Structures are given as C-alpha cells and as structure tokens.
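**Q** Given the coordinates of chain A, work out where chains B, C and D should sit on it, guided by the hints.
There are 4 protein chains.
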Amino acid sequence: MSSGLKFGELSVSIFGESHGAGIGCVIDGLPSGIELDTGRIAEFMARRAPKKDGMSTRRSEADIPEILSGFYRGRTTGTPLAALIRNTDTRSQDYDNISSAARPGHADYTGSVRYEGANDPRGGGHFSGRLTAPLVFAGAVCGQVLERYGIESCAHILAVDGVYDDFFDELDIPARLMKDIKSREMPVINESRAEEMRERVLKAASELDSVGGIIECAVTGLPAGVGSPMFDGLENRISQAVFGIPAVKAVAFGKGFGFAEMRGSEANDEMYIENDIVKTRTNNNGGIYGGISSGMPVIFTAAVRPTPSIAKPQKTVDIIRKENTELVIKGRHDACIVPRAVPVVEAAANIAVLSYLI
Amino acid sequence: MSSGLKFGELSVSIFGESHGAGIGCVIDGLPSGIELDTGRIAEFMARRAPKKDGMSTRRSEADIPEILSGFYRGRTTGTPLAALIRNTDTRSQDYDNISSAARPGHADYTGSVRYEGANDPRGGGHFSGRLTAPLVFAGAVCGQVLERYGIESCAHILAVDGVYDDFFDELDIPARLMKDIKSREMPVINESRAEEMRERVLKAASELDSVGGIIECAVTGLPAGVGSPMFDGLENRISQAVFGIPAVKAVAFGKGFGFAEMRGSEANDEMYIENDIVKTRTNNNGGIYGGISSGMPVIFTAAVRPTPSIAKPQKTVDIIRKENTELVIKGRHDACIVPRAVPVVEAAANIAVLSYLI
Amino acid sequence: MSSGLKFGELSVSIFGESHGAGIGCVIDGLPSGIELDTGRIAEFMARRAPKKDGMSTRRSEADIPEILSGFYRGRTTGTPLAALIRNTDTRSQDYDNISSAARPGHADYTGSVRYEGANDPRGGGHFSGRLTAPLVFAGAVCGQVLERYGIESCAHILAVDGVYDDFFDELDIPARLMKDIKSREMPVINESRAEEMRERVLKAASELDSVGGIIECAVTGLPAGVGSPMFDGLENRISQAVFGIPAVKAVAFGKGFGFAEMRGSEANDEMYIENDIVKTRTNNNGGIYGGISSGMPVIFTAAVRPTPSIAKPQKTVDIIRKENTELVIKGRHDACIVPRAVPVVEAAANIAVLSYLI
Amino acid sequence: MSSGLKFGELSVSIFGESHGAGIGCVIDGLPSGIELDTGRIAEFMARRAPKKDGMSTRRSEADIPEILSGFYRGRTTGTPLAALIRNTDTRSQDYDNISSAARPGHADYTGSVRYEGANDPRGGGHFSGRLTAPLVFAGAVCGQVLERYGIESCAHILAVDGVYDDFFDELDIPARLMKDIKSREMPVINESRAEEMRERVLKAASELDSVGGIIECAVTGLPAGVGSPMFDGLENRISQAVFGIPAVKAVAFGKGFGFAEMRGSEANDEMYIENDIVKTRTNNNGGIYGGISSGMPVIFTAAVRPTPSIAKPQKTVDIIRKENTELVIKGRHDACIVPRAVPVVEAAANIAVLSYLI
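Residue numbers (our numbering), protein chains in the order written: chain A, 13 to 370; chain B, 13 to 370; chain C, 13 to 370; chain D, 13 to 370.
Treat the hints loosely; a few may be bogus.
Intra- or inter-copy, both count: the list cannot distinguish identical chains.
[Unchecked claim] Cross-link-like lysine-lysine pairs, in silico, DSS-like; alpha carbons within 30 Å at most:
1) Lys63 / Lys342
2) Lys191 / Lys324
3) Lys334 / Lys291
4) Lys291 / Lys324
5) Lys215 / Lys324
6) Lys334 / Lys215
Keep in mind that the hints were calculated from the coordinates and are not lab data.
Computed from a prediction, not measured in an experiment: that's the story for all the values here.
Pulled out of the complex, with its shape left as it was, chain A reads as follows:
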C-alpha cells in the first residue's frame, strides 16, 4: 500500500493525481459514533489552502471534500470513511511545456523510471503537493476523534529562510496559544516574526526563487504509556507519516540533531513526581522514551525543502528525448510551501497518534 498508512487497525489510503478527475482518501478503522463537525474540518483544510497573499499559488482550490461513506447522521459509522475532492481548476496547458523536461527537485524523473513512463505527469500527478489535501482531511477527522481523549496537536512555522519563530515551551503548550496559532494566516507563535518571514518569501519570489523552512509540532494531552518499543513507536509512526509530505526531508524529536553536542547529564530529563503525576523538568526527548510517551508534550520538528518549482531557467534532462535541455517552469507555484505545510504536519501527527488509541 504505497500511498497509504496502515498502523495497527487504522489505515488511511490516499489516491489521486493533480490533474486527474479527483483526489481523496479512505480512512478505515475509525471508532463509530464520533460526531464530526464538517465545518471545523473545512476550517482545518482552509489552513492548507492557497492564500491570496502573494506567497502561494493562485490556483483556486475550494477543495471541499465530499464524504462518500462512513458518515451517517453526523457521526462516524465505524466503517470506511471515504472522501473525494474533485479537480476543477486544473489548467493543464500550463504544464504542456514540461511534459518531457524533468523539473529538478521534483519526482518527474524518478517517477517516470519507477512507473516506466506510464504515470500521469501533469502537475506532478500523484506526486503533487495537492495530494496533501486528502491527508489534511484525514488528519482533521482523526483530530476530532483525538479530542475525545483530550489530545490536541498544533504545528507552527519555526523557521523560514533563516528567520526563526519562538520555540514551543517544551513543558507546557497552552490551549489558548494553539487556538491562536491555528487562526493566524502565518501560523507562528511570535507574530512579530511573521512579517519578516513574509518579506523573505516575497523577496525570493521576486527573484524567481523559493525558500524552505522548519515546522515544529506539539501533541498535548497524550498520557504516558502510549507507543511501542523499537519499530512501531511514536517516532517510527510519526516519521513514517510526516515523510509522506512531499517536501519534508528531515524529522527530529526533542532536541534532535542538537543532542550531538549535549552531554548525557544535560540531555537526560530530570524526573519528579507532583500530585502523583510523573513529570520531567526539561523535555529534551520530546516526550518520548523508547518509542513511548512520557506524558509530557510530544514535540518534533520537520525540515521543509524550498519549493522545487521556481521560475528561474534551470538546466535539466528531457526524459523522453534522453538529452540535456533547459527548462523554464511557468504556472502557479508557492515561493514557500512552509505555511501551507503546517496543517499537513499536524494532520500526519494526528493520524499517527490516533492509531495507538483505537
């Protein structure tokens, strides 16, 4: 199941191509009887939708998914929940000139080898970032189920082109802050950084270029004892899900690569007990030991590479003619995918975390 996640009894199967009939997903294994607020699902998805802020593609994507099954009288049935988003505004002609020149940084070449040239190349086909829409849908659904357990995830832009937001307080992420972040056009903790980030993106765009960044995500309310040792722990499932987001190239838990320069005495989180609850005075390990939650917030970061679609001329290879060529990508593209990737990371985390609870 290459385009699906299967964690224990929960599975999410994603289908579609950027310029085909539609994209969607099937979520199997959800608990039954969970009320879903479709308005809030739409709000979650709107956070991923392109904004009219000059930073992202001007492709108009209403992207309201139609729920096809598994949802009856406002509640999950427990049987597979399928959702479909029709592709409408696809403008294939924009992509006509790139049909055989592989876009650098994209999967055009690797995909054509993998599928022996038979995959749909229009707009990246199944490799398109557009496929994150059903992933966000699935994560939004899982998020509403997680609320039953008092669990919430929240991601924010940690960095764009070297401009850093504040980090989450690793010991306590207030619900109020999460709500605020989710309501912001630029999902950051410290709003004063948003403007600088925006400028960097617009500057890159004006130079026909793009920028990358980092997303930080926290999961709060997860009790201690959730996860598994070795290959099926929180780090394994979360990373498997988050690496499913096309532009993500790194995933780190807690201090991540920062551990490389720490001493054990510093890295170890001192433990204490308070009101019968075990806590740690630091949370360097991102709330996970041995793949299992400690009861502290689960915190991880994901690196997002710069959008590979840039308007600058690029040297590349013509896949069909097997010759060197130059390419100028037209069409509409985000100069920075990071803001839109924030809810996608949250969605991936929701799916991974929920899988342990059902």
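**A** Structure of chains B, C and D alone, referenced to chain A:
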C-alpha cells in the same frame, strides 16, 4: 508487530530482553538460494560489539548468533531465517539498585506504564541497546543479499560531541573508502578526527558523563526508480527502521535541516545526462525524490543522543514507591554509543532498501 | 483495514454503504503501464448486475464505475487506482420499516453491536451485497493484469438448491469453455441444468423464500511455484478474499470435505513428467500443495447461503426497543444470489492470485 | 511474512524446519501481565504430540518449548514472546532415499520450484507438520489470555474415514464437555465412536495407507459484536489461520456446504431476546453474521486430507533428474493426522479470536 519491521513481503521480527534467556530475530521473505558468508556476518556484528578501548561497556558479549532455520548447506532456503543469541554475561546484580528508580533518559518509566509494570526491567529489558545485536544480524544478512544487486551501504561517525568527521562526497562514495571505514575501530572518513573524538569521549567518561553524535550513512549502487510515493518511500521505510535504534532521535535526508536556509535554485539538483545515464551535479536531496531513488547515492544522517546511563547522581522518580529519589547508576555503560551505532544504522538501511527488491 | 485486502504489495480498500452517496474502491500496488479495456471491465461487472429474469432484485443498478485516479491514457499509472459508483436508485423508504427490527441472517444485529448503533442501517449499509460491485471492479482490473501472465479464472454455478451442474475437468479447463460460461446468463457448464436451477429459484421466490448453492472456481495458467507455506499461501489468501463475499460460508480446495472419506493412496495425486513439465494424473488437491501452486489448475468451491432477505414473516428482535417482534421484509431481493455471486468469486480469486505476481 | 499471521496488533511468526536446529515462534502484541501456566501449555501441546497408540509416528518428540523472551516472573511482559523447540530425534537417514523423488501429496515439488531447490528438503523442511508445534504453543498462550475474557475454544474429531462423532450442540457447549474432550486420547464427544475410528485408522495403516477426516471447533463465551465486515471478519481471520495447518483443505462455518440445499426460511436463525440478551433459536450461521460474532457459539469445521506419507509404492517424479520414478516412503508417519490436528485447529482459532480483543 511492535518490535518488527514489515515492508511488503519482507519482515524482520526482533525479540528478547537484555537479561533474559536470549535475544534474536526472525527474517521472513528472504530470497532463496543466497549464499551467506557467516564469517562476514560475524565481522559485521563485531563492529557493533563493545571494544576494549575504554569507551564502551566492558560487558563481554561474544554474541555469535546461532542460525536456527532458513539456512541450509550455506544458503538461504527462502523460508524464515531465525537466529538466537544467548545471554550469558548478564550480572543482574548490577541492576538491583535501579529496579524501581527510573533511569532518566531511559524507557524505564514509559515502559512500566505501557506494560503496567509487567515488563522485564533488568538492564532495560526489551528496550536495551542490546536488542540492536539481532538487528545488526538481520542487516548483515540483508547486506549480503544486496551485494547481488551491486548495492552497498556504509555509515560513519559524522560527529561526536561537536567534533566533525568529513562528509561523504555526495556524488561518489568509492568502494575502497567504504571498505576502509568498515575496518576502522573508529569508523570515520578522516582518521585524524578519530583521536579527538576519542579524547572527548574519555573526558566525558572521566567526568561520569556521556556524549552524543551524528552518523552519516550512504547507500550506493541503488538504481533509479526504487521506492514509492507518499508513505512507503525510501524516506518512510528508512526512517521507520532507523528510529528503531534506541538512541536515534532525528533522521535527515540529503541536506536535511540545512534546506531551511537554502533557496530553491540552490536546493534543486541540476540534472544532466551522460552516457545515457541521468545524473545530478549536486545531491542535496540525498538521492531521493518523491520517495524514489534517483540513481545517485542515497545519503542520510541520524542524530544519536548521549548515552542516558551516566555515573553521575541523578534526581528521578521511584516508580514503585511513587516518590522522588536520587539515583546513581552502577554497572558498565558506554560513554558514547555512536561508534557502536554505526553498523546498526547500516543494518537498518540494508533492511529498508532490500525490502523493495524482493 | 477491516474492509480491505492487503497482500504483500497489493491492497484493495473498499468503501461505501448501500444507500449512502456511493461505493467504490482504491487499488494500490498495480503494475504500471497495463492497458485496461474499460468495456471489458463493464462486461465483467454486468455479469454481477441484477438480471430481468425474475430471479434477482429489480433494483436498477447501472453501476458503471467512474475511475478517479491511477489510469491515464488508457493505462494503469502504477499509483492508486480509485473508482466510484454513485448510488442513485436507492428507495430508502422500502427500508423504513426495518430500521429497528433485525433481519434474521443479516448483520443488522451484529453490526449494531459492533458499531454501537452508529452504522448506517439502510439496506444493510456497509454489509450490503452491493459492496461486491467495487470488489468485482477490482477483480476485473486484476484479471486484465493476470492476462499478461496467461492466467485466467472462471467460476460457475456448481449447485443451486440441490441441482448440480457438472464439475470442471480438474486436469484441463479449456479457454473456450471459460468464455462460454462467462457469456451465459446462468453461468453453468452444462446448460441443460440451467433451466432446472431457474425453476427452483422461481419456485422458492413464489413461496416467498430463497435458496442457496455452491460456486466452483478455477484458475488456469498459473505456473508451478506461486504461493507460500503456512499462513500466506494460496488457500489462505483466496479464502480470506472469498470469505469477504457476504453470503459465502465455506471454502474448499480440491476435494475439500470429500477428503474425509478418501484414503491417502487415492487422495495423493500421482505425479509424472511430460515434455519436461511436471503434471499430476489427478488433481484432488486443487493444484495446491503446501500453499503453493503445482502448475495444475487451481480449483476451489464456495458455499453460498440462501439469501437471508425473504418475504415470509419472520420472528426476530427489535434492536432499539429490545423486544421480540415479527418482521415482514419488503423491498426487492434476489431469491438466489448464486448466479450474481459467480463473478464476485472470480474477482476475489483474481485479486488473491495477482498479489503473488507483482 | 509468509509464515506468520498478522492480525491488527497481534502477530505470530513461525520458523523452523523439521530436521534443522529447531522450530519456534515469536508472538508480538500480547497484553502484558498475563499469568501463563506453563504446565497447562505443556498439556495443550501434549495433546498434539504423537501417541503410543499405533496410530501416529513413533518419533519421540518431547517438544517442551523453551520460552526465550517476553515472559518474566510468570507473566507476559507485553514485549515479543519467543519460544524455541530444539530438534533432537531427527534420524535424517530415514529421508535419504526421498531427497530427490517428490512425495505425492506433499509440497516437495511445489516447494522446490518456489524456492528454486534451495529449501531444506529433509522431512518436508519448513512444510513439515512438525511446524504445527509452535503454532500450538502460540495458540495455547493465546488461549490462556482468552480465559481472561471468559472465552474458550474446543475442537473434536467430527469424522475419520466416514465414521462420525456427534456434532456439538450448536446452541450450547458446556464447559464440562470441553474439558472432557480435551482430556481424551481420542478427542470426541461420543466416546463410543472412538474405537471404530481407531479401527479404521489401524486398518488403513495395516494396508500401508492413511485416512482423512473432519474436525469441528467451537468458540464459546465470545460476546456479540466481535469481528469486522468484509475482509477482516471472523471467517477471514479464522480461515487464514486454519488453512495454515498443512493438511487442511476446507473450512466451513455453521452449516457450510449444507446451506446449498437449504431454504432461506430454514437457514435464517430466528432471533429472540431473553433476559436482555439477544439469542437465536438455531445457529446455522455458526455464530457469525457479516464477519461479526452474534454471541452464540462460533462453530466451524475443517477438512483434513489423508496423510500423504503412505508406505505403499507410489509413482512420482524425481525433481533433480527430471524423470519419472517410483517411491516407497520409509520412516515414521501417522496413518491419520486428525487426532493430532485437533489441538492445532483450536490453537489457530485462539490466535484469530484473540486478535480482535487486544
């Protein structure tokens, strides 16, 4: 299957506890008729074994696995290959004083919640780093199968306590270099760094502390087109496997978190064709686009946290008595796990990569 | 993945409810570049569609699936192939009176317990035989892939209400015969039996009752050596798939329960070699030994219980009111599901067999 | 994972060859803290062991498994439970003459094609009925976990060579009866049939032949609502597990093939409510509707083919020399495997049923 990897038709199931009867694994889905050189498997495993260099635990672990099945007249049968390593030198008494004080940075507390106190606590039980021995065994077996395809993986210490080795040349990792690295007690590219690394570790050890580091791993010879989009690609499988190594807290492909400060024009790997083979002039993406190999070396890094077992007194929690306490860890422990983790990362990569080819 | 099959790299995920927005499936893991003849897929599906012969439901189901993804310029892309069948002619009012009286023989009661009353009860919801339409679609697609390997499956009605068709010649099922069977309204080998079967069904219908039967299915062209020992062999995968058909209550390979009265000397298929090909003089074991194909036709039978929806008054339980009640089922129902189940069994076999070859 | 079962979070991975170093299994996903009575596990396994009754192989198999992991201070740890049975009394020389002549009815030929001649042929290797010993072990462990839920399974010989035992009362299988059956050398309900069965087996043995039979298995105490629709229901999981037993060629639930001659009005189980519990007046459907338990006993039958190893001369094929040959099988073999297969069927049912509850 919490302690197993299942990738398509290949599965590796790992069992055992640090101080139980034994540890081992079952590898199912191997191709039949592959000659295995058990001497070379032992050599691979010896790279993980503790050294008499003052840096690692003095626990004497011969750790020669007995192959119980799936191996007949020197070749794989194609049916499940099981291997067992008996635990012999276990000295449980060393651990007597930590039976109810959770070691900070370890899974003692999370594991006891997860398993409601029923898991084997001796030496970390199933969470012990010792469980990487059967993982290395499985990776050594998979590595010999990969040789049939001309594929080889090699990892080295990229950093220890802030001292950096050279990076791999992202475009070309010579077989000779890989052989050399594997033969070195400190598996580094630039041997001049080994001494400094060693000093750092010994200094930390003398201060009853430990240090972390980074491992870089390359897979060469992998043809273009191997992998899958979204959730079952090279990044997903490799990260799921590598996060199975207890101390790994981050996994990054290509430039990883470095992408956050790159422009798209810089991050995109320029493509060209040479002798009918598509190549890239840089390899920022670590040989993977859309989860699929490009034919360039697959390169990733993994952060290894400092060994949590340190001899300094630490404040912590007594799990049974539910009270705050102080802990002094006795016993034998590595002040730096990074050198021994190098072949483990290679092993995890071998399993993940082989899973696509059978 | 309760409503999906996952065999190695191939998965089929089925969704939908009888009276919801639609039903469909996602097939992941198909090889790329396979031409699919949608006309022939429609023909395959038409064999499952209700006939105007008085024997089956008069619900008009055009049931032409829309392919949403994974299919480009007439060929499979290799990425997930999703298909959707809209529900149109649903007449929910027919089902109004059974909303809380559990229909005997149906999953009304067990489903309501499993899903705590939240599942869609209309027309059986996700338990409806209608869900076999996307299964047939998936099997039709897999069947066209199997043709590339020279493999074909064919099922026929072996028995209806005690009236038996001929058995397949266990040593040789000619392509011509398979073609003929598939073209018949009553898919039987010996057409002289069709009329008698039809009479039995109509008689039962006239008595407000229903009848069951047996389906025999053969897979030809499968070379020796396909399958696996123990839990992932041909018998395991085929039975897992075929028991996914709502009315199937038994699956038998080769002589099946007939083995209970055979001697070993009789049951063992004598082997011989002819033109370098190993064959057997009998095929009592249905072409499978140790879960692996012998090169002889794979043959199995499946028992189909009588349609539980009958027009006779039945004593049952009101699920909501928790009291005994009597029920008269109105609506349109097949007095015998066997003819329509024939292509469904074939479809299930196609999926199971293809899973070993990709 | 060809030789493993993976149902949701529970997996059982079986390894070994008849004449290799040993056989065993790894059970992953068990709940923690379950006391296991190893004496009772040994008793369960003893039911499968060869008897000194002239009916079964005289190979002496103590077959006391050594638990290697996952078991600490008498309780499951929740981490993988591995067990090993050493092969001791293997007498490979008995098998010398069959090394290249395929035994009819065995997997010698299909296995050699599947594994390209590399599999261990001694005594059937991985295809040997001996591999059911670790399966029984796993089932015995799962059975002790099921007791926590008040669930018990019991199988008996329903038929041997045409001699029938009584059927279970489909509405009520008393605990006392199950206990009695399990204590009997010939596990039957009606002991008066045992002698006749035995005579049939001895007669066949004296004629250098073997006989087959049928096993009936019931699972009691399973509450309503356990299972899933379509492909992951009780029938799917039970059949996948039971077809893992080498000699089983058919699996039927409730009336099974008997449904083919029933009317719907007869096949439907009339439902009623008594003391707030929904029951059925008959149990034709074997306690399963739509893949989900009804609360009535789950009942199924499995056909067991006659032992393929018979002492009569048989015509067959020499796999190596690629020529026709004649074979006389020496060595020790059961003239009827049915009595020993009874606990194996129970074990398979235990694994399948437990998988839904953890």
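**Q** All hints, please: hold or fail.
**A** These are the hints, each one checked on the structure:
1. Taking the closest pair of Cα atoms, Lys63 and Lys342 come within 30 Å of each other only inside a single copy of the chain (19 Å); across copies the shortest separation is 53 Å, beyond that limit.
2. Proximity of Lys191 and Lys324 under a CA criterion of 30 Å is satisfied in neither setting, with 38 Å inside one chain copy and 41 Å between copies.
3. When the C-alpha separation of Lys334 and Lys291 is checked against a cutoff of 30 Å, the pair qualifies only between copies, where the shortest distance is 12 Å, while the shortest distance within a copy is 59 Å.
4. When the C-alpha separation of Lys291 and Lys324 is checked against a cutoff of 30 Å, the pair qualifies only between copies, where the shortest distance is 20 Å, while the shortest distance within a copy is 51 Å.
5. For the identical chains of this complex, Lys215 and Lys324 are intra-copy neighbours only, at 14 Å inside a copy versus 51 Å across copies, given an alpha-carbon limit of 30 Å.
6. Within a single copy, Lys334 and Lys215 get their C-alpha atoms no closer than 35 Å, and across copies no closer than 56 Å, so neither meets the 30 Å cut-off.
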